[in-house]
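Undergrad: Work the whole structure out from these sequences, hints included.
So the chains spell out like this:
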Amino acid sequence: MARINASVYTSHVPAIGAAIDNGRTGEDYWKPLFAGYDYSRQWIAARKPDVILLVYNDHASAFDANFVPTFAIATGEEFQPADEGWGPRPVPPVKGHPRLASHIAQSVIQDDFDLTVINNLDVDHGLTVPLSLMFGQPEAWPCPVIPIAVNVVLYPPPSGSRCYALGKALRRAVESFDEDLNVQIWGTGGMSHQLQGPRAGLINAEFDNDFLDQLVTDPEALSQKPHIDYVRLAGSEGIELVMWLIARGAMNDQVEQKHRFYHVPASNTAVGHLILENH
Amino acid sequence: MARINASVYTSHVPAIGAAIDNGRTGEDYWKPLFAGYDYSRQWIAARKPDVILLVYNDHASAFDANFVPTFAIATGEEFQPADEGWGPRPVPPVKGHPRLASHIAQSVIQDDFDLTVINNLDVDHGLTVPLSLMFGQPEAWPCPVIPIAVNVVLYPPPSGSRCYALGKALRRAVESFDEDLNVQIWGTGGMSHQLQGPRAGLINAEFDNDFLDQLVTDPEALSQKPHIDYVRLAGSEGIELVMWLIARGAMNDQVEQKHRFYHVPASNTAVGHLILENH
Amino acid sequence: MSLDKPYRDIPGTTIFDADMARRGFALNQFSMSLMKAANRERFKADERAYLDEWPMSEEQKRAVLDRDYNRMMALGGNVYFLAKIFSTDGLSFQHAAATMTGMTQEAYRDMMLAGGRSPRGNLYSEDSGNG
Amino acid sequence: MSLDKPYRDIPGTTIFDADMARRGFALNQFSMSLMKAANRERFKADERAYLDEWPMSEEQKRAVLDRDYNRMMALGGNVYFLAKIFSTDGLSFQHAAATMTGMTQEAYRDMMLAGGRSPRGNLYSEDSGNG
Ligand SMILES: [Fe+3]
Ligand SMILES: [Fe+3]
Numbered sequence: 001m002a003r004i005n006a007s008v009y010t011s012h013v014p015a016i017g018a019a020i021d022n023g024r025t026g027e028d029y030w031k032p033l034f035a036g037y038d039y040s041r042q043w044i045a046a047r048k049p050d051v052i053l054l055v056y057n058d059h060a061s062a063f064d065a066n067f068v069p070t071f072a073i074a075t076g077e078e079f080q081p082a083d084e085g086w087g088p089r090p091v092p093p094v095k096g097h098p099r100l101a102s103h104i105a106q107s108v109i110q111d112d113f114d115l116t117v118i119n120n121l122d123v124d125h126g127l128t129v130p131l132s133l134m135f136g137q138p139e140a141w142p143c144p145v146i147p148i149a150v151n152v153v154l155y156p157p158p159s160g161s162r163c164y165a166l167g168k169a170l171r172r173a174v175e176s177f178d179e180d181l182n183v184q185i186w187g188t189g190g191m192s193h194q195l196q197g198p199r200a201g202l203i204n205a206e207f208d209n210d211f212l213d214q215l216v217t218d219p220e221a222l223s224q225k226p227h228i229d230y231v232r233l234a235g236s237e238g239i240e241l242v243m244w245l246i247a248r249g250a251m252n253d254q255v256e257q258k259h260r261f262y263h264v265p266a267s268n269t270a271v272g273h274l275i276l277e278n279h
Numbered sequence: 001m002a003r004i005n006a007s008v009y010t011s012h013v014p015a016i017g018a019a020i021d022n023g024r025t026g027e028d029y030w031k032p033l034f035a036g037y038d039y040s041r042q043w044i045a046a047r048k049p050d051v052i053l054l055v056y057n058d059h060a061s062a063f064d065a066n067f068v069p070t071f072a073i074a075t076g077e078e079f080q081p082a083d084e085g086w087g088p089r090p091v092p093p094v095k096g097h098p099r100l101a102s103h104i105a106q107s108v109i110q111d112d113f114d115l116t117v118i119n120n121l122d123v124d125h126g127l128t129v130p131l132s133l134m135f136g137q138p139e140a141w142p143c144p145v146i147p148i149a150v151n152v153v154l155y156p157p158p159s160g161s162r163c164y165a166l167g168k169a170l171r172r173a174v175e176s177f178d179e180d181l182n183v184q185i186w187g188t189g190g191m192s193h194q195l196q197g198p199r200a201g202l203i204n205a206e207f208d209n210d211f212l213d214q215l216v217t218d219p220e221a222l223s224q225k226p227h228i229d230y231v232r233l234a235g236s237e238g239i240e241l242v243m244w245l246i247a248r249g250a251m252n253d254q255v256e257q258k259h260r261f262y263h264v265p266a267s268n269t270a271v272g273h274l275i276l277e278n279h
Numbered sequence: 001m002s003l004d005k006p007y008r009d010i011p012g013t014t015i016f017d018a019d020m021a022r023r024g025f026a027l028n029q030f031s032m033s034l035m036k037a038a039n040r041e042r043f044k045a046d047e048r049a050y051l052d053e054w055p056m057s058e059e060q061k062r063a064v065l066d067r068d069y070n071r072m073m074a075l076g077g078n079v080y081f082l083a084k085i086f087s088t089d090g091l092s093f094q095h096a097a098a099t100m101t102g103m104t105q106e107a108y109r110d111m112m113l114a115g116g117r118s119p120r121g122n123l124y125s126e127d128s129g130n131g
Numbered sequence: 001m002s003l004d005k006p007y008r009d010i011p012g013t014t015i016f017d018a019d020m021a022r023r024g025f026a027l028n029q030f031s032m033s034l035m036k037a038a039n040r041e042r043f044k045a046d047e048r049a050y051l052d053e054w055p056m057s058e059e060q061k062r063a064v065l066d067r068d069y070n071r072m073m074a075l076g077g078n079v080y081f082l083a084k085i086f087s088t089d090g091l092s093f094q095h096a097a098a099t100m101t102g103m104t105q106e107a108y109r110d111m112m113l114a115g116g117r118s119p120r121g122n123l124y125s126e127d128s129g130n131g
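Residue numbers (full-length UniProt numbering), protein chains in the order written: chain A, 1 to 279; chain B, 1 to 279; chain C, 1 to 131; chain D, 1 to 131.
I should point out that these hints are in silico values taken from the structure, not numbers from a laboratory.
Accuracy of the hints is not assured; some may be wrong.
[What the hints assert, rightly or not] A few chain D residues that don't get close to chain B, going by computed Cβ distances all over 10 Å:
no.: 1; residue: Pro11
no.: 2; residue: Ala38
no.: 3; residue: Arg62
no.: 4; residue: Leu91
no.: 5; residue: Ser118
[As the list claims (entries may be wrong)] In silico DSSO-like pairs for lysine-lysine, Cα to Cα no more than 27 Å straight-line:
no.: 6; chain 1: A; residue 1: Lys95; chain 2: D; residue 2: Lys36
no.: 7; chain 1: B; residue 1: Lys95; chain 2: B; residue 2: Lys48
no.: 8; chain 1: C; residue 1: Lys36; chain 2: B; residue 2: Lys95
no.: 9; chain 1: B; residue 1: Lys225; chain 2: C; residue 2: Lys61
no.: 10; chain 1: A; residue 1: Lys168; chain 2: B; residue 2: Lys168
no.: 11; chain 1: A; residue 1: Lys225; chain 2: D; residue 2: Lys61
no.: 12; chain 1: D; residue 1: Lys36; chain 2: C; residue 2: Lys36
no.: 13; chain 1: A; residue 1: Lys168; chain 2: C; residue 2: Lys5
no.: 14; chain 1: C; residue 1: Lys61; chain 2: A; residue 2: Lys95
no.: 15; chain 1: A; residue 1: Lys168; chain 2: B; residue 2: Lys225
no.: 16; chain 1: D; residue 1: Lys61; chain 2: B; residue 2: Lys95
no.: 17; chain 1: A; residue 1: Lys225; chain 2: B; residue 2: Lys168
no.: 18; chain 1: B; residue 1: Lys168; chain 2: D; residue 2: Lys5
This one's a predicted model, so the numbers in the text were calculated from it and none came from an experiment.
C-beta: ideal position from N, C-alpha, C; glycine also.
TA: Set out below in structure tokens:
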């Protein structure tokens, strides 16, 4: 049977992707950020997953204003890096896992989550920047990835508790798959940031660190946090953090924290990162 | 405040649209079918709705195999009849109600239904045939329509109980809208039919009539009927009937039945029709 | 354990589930492409050449060329997508349904006029064929 | 009663909700169109003419021509869509964010390096402007 053994949480700032792609990771501005992922690259080399469920959001790349799915899962064979307006990132295509993805779709819909099922999907920095942070710059990504796209652009996104419940449904789906697979689930986006309006540049380190604490120790209570708290306290784009609750919901109540990192700034954004294991 | 006062249920067979569009409603084959809607056209002329929430499914017209939303709502200004392969039906464009539709989307997503929000959408026979049956052939449809599209093509569709619960959420959304509007909700598709394979042509009049009975008197119990019962007993396309539960869920527990009609066949399909009012 | 597929024992019926959709993706997208008049023309002019533009299996292409709808469905086709093929041929849903049952269109139409195919004997595989 | 919009009292912030999305639909779709190189060329060659192909309000077109991002957002634009405009101009997200705040890009960058804009005084409209 397939099992979710670990989860990774990380911001997915586009400027991080650009720094990697342009060989600028050694610059003073970027060094402290990438140092925060040194442990992570060793950890994942040692605990190589067979498949990653990667929870992220599209940023007006694959989805336009005409079609906004709250939750979507991609069941295709391969996903190309999206052209976000300056050419696609020079990273490998992302291989999917059609059989597991189809199984999850069927299971989770029967569990009363109203997924949109997608086959082909171009994946933007929301999905590829976390892969780069964790795996560096390989010729090919080391394992298949199942994209799970969440609307956090058009208000309202799904509630924190809905996201947390989806995580539990994803876990049930994975555990009913008949092949032995070591599965990881990643939650991406956040932490505090606001990219728009006179308040752009808001960073709330206290909010972010409380969120990191609570995600590890009391995710159930954290899942009750209303949207207004995210957008008011963590910035209009800080709402991306609800996606972390999907990954956390798929884990045990009690987890082991293997790594934690927090850094300001990456461009306009606070960067947070956690690695949690089930035991 | 807006209110859902009545609901209409009807099959949406494409051949019915063709019979209307080609002036063949007086033929022996079609006469008994259209006679079943005589009362309905008078009823709706007397109880003219301000807006209709029209629950239907797309039949590989607007959505291809790459994008399958479980529940979608269309918030646009106007929807064109889809070209289903032999030119669009010669019926008026369908006007939307963007303000109410946006309000419903926001409300229902906050109520933990994972809607896909669509702006522009070409609407196929699933939506236009019910309009033709109820309104005949006017120059323009007499009121705005909000399309609510449900996946019943890719298995699994949403469960009966999920559909019934969505109806209740739609009602809460309508009742929190700040304008006085007389709203109807229509559930379309079904009844028993199978369009594929050696078992094509299956009609189960007993199943259909039991469904009509129970929809009126005990929808809560009916909503528990599992998918396998629909596809086994009412044909692979009989599963469309789950969409009637959405409309029924938006009504009172106790309703007044104004009209009931059942007829076999329309092409490959059994035709069922109900009009229910709240009091 | 894997997901139950209790619908596997319904006789004469293919349920279009996520596994089938995966298998039939290119076949269904090819069918969808026939909603555009220009593509219909190209398909009619040279069916094989048009099919060869799609990443479909040889089996799937053969089933399309043969207009074998039961085979297309066994290979992941869904009837609402495949409808674009028989529409291109100028044929009705009832005609296509008849061919899938192995009946003549007349016999199928008469069966429908008489109330359709009976559920009796047609609900479970073990009692299929008696209906 | 109507839906609460409790986010209305967040200072300096436009929440892109369904009402805003409706208002900004054409503006956002225009922005999306700039993801294609050919459209970027046409837009650069004659911005006004390209904008006139879209069913946008005069106000929205004016805001685009002026690169007034706050105005675009007030008229239903969303920053991820509008990003296609400043990308076409060869400008970064940080540059665009700076213009929205009325700060120079340098001052904005320094603020970010020093830990970003403080939440103090920036959470509720009544205490905005003190931050
Ligand atoms: Fe993001
Ligand atoms: Fe239908």
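Undergrad: Compare the structure with each hint and give your call.
TA: Hints, verified against the model:
1. Pro11: 22 Å, holds
2. Ala38: At about 22 Å from chain B, Ala38/D clears the 10 Å cut-off, so the statement holds.
3. Arg62: Given a closest Cβ separation of 22 Å, the condition holds.
4. Leu91: Given a closest Cβ separation of 28 Å, the condition holds.
5. Ser118: 30 Å, holds
6. Lys95/A x Lys36/D: Between Lys95/A and Lys36/D the Cα gap is close to 25 Å, so the pair holds against 27 Å.
7. Lys95/B x Lys48/B: 16 Å, holds
8. Lys36/C x Lys95/B: 25 Å, holds
9. Lys225/B x Lys61/C: Given pair Lys225/B, Lys61/C is violated - Cα atoms ~39 Å apart, limit 27 Å.
10. Lys168/A x Lys168/B: The given pair, whose Cα atoms are some 25 Å apart, holds under the 27 Å limit.
11. Lys225/A x Lys61/D: 38 Å, violated
12. Lys36/D x Lys36/C: Roughly 24 Å between the alpha carbons, so the hint for Lys36/D and Lys36/C holds.
13. Lys168/A x Lys5/C: 22 Å, holds
14. Lys61/C x Lys95/A: 26 Å, holds
15. Lys168/A x Lys225/B: Since the Cα atoms of Lys168/A and Lys225/B sit roughly 25 Å apart, the hinted pair holds (cutoff 27 Å).
16. Lys61/D x Lys95/B: 26 Å, holds
17. Lys225/A x Lys168/B: 25 Å, holds
18. Lys168/B x Lys5/D: 22 Å, holds
Violated hints for the displayed structure, listed by number in ascending order: 9 and 11.
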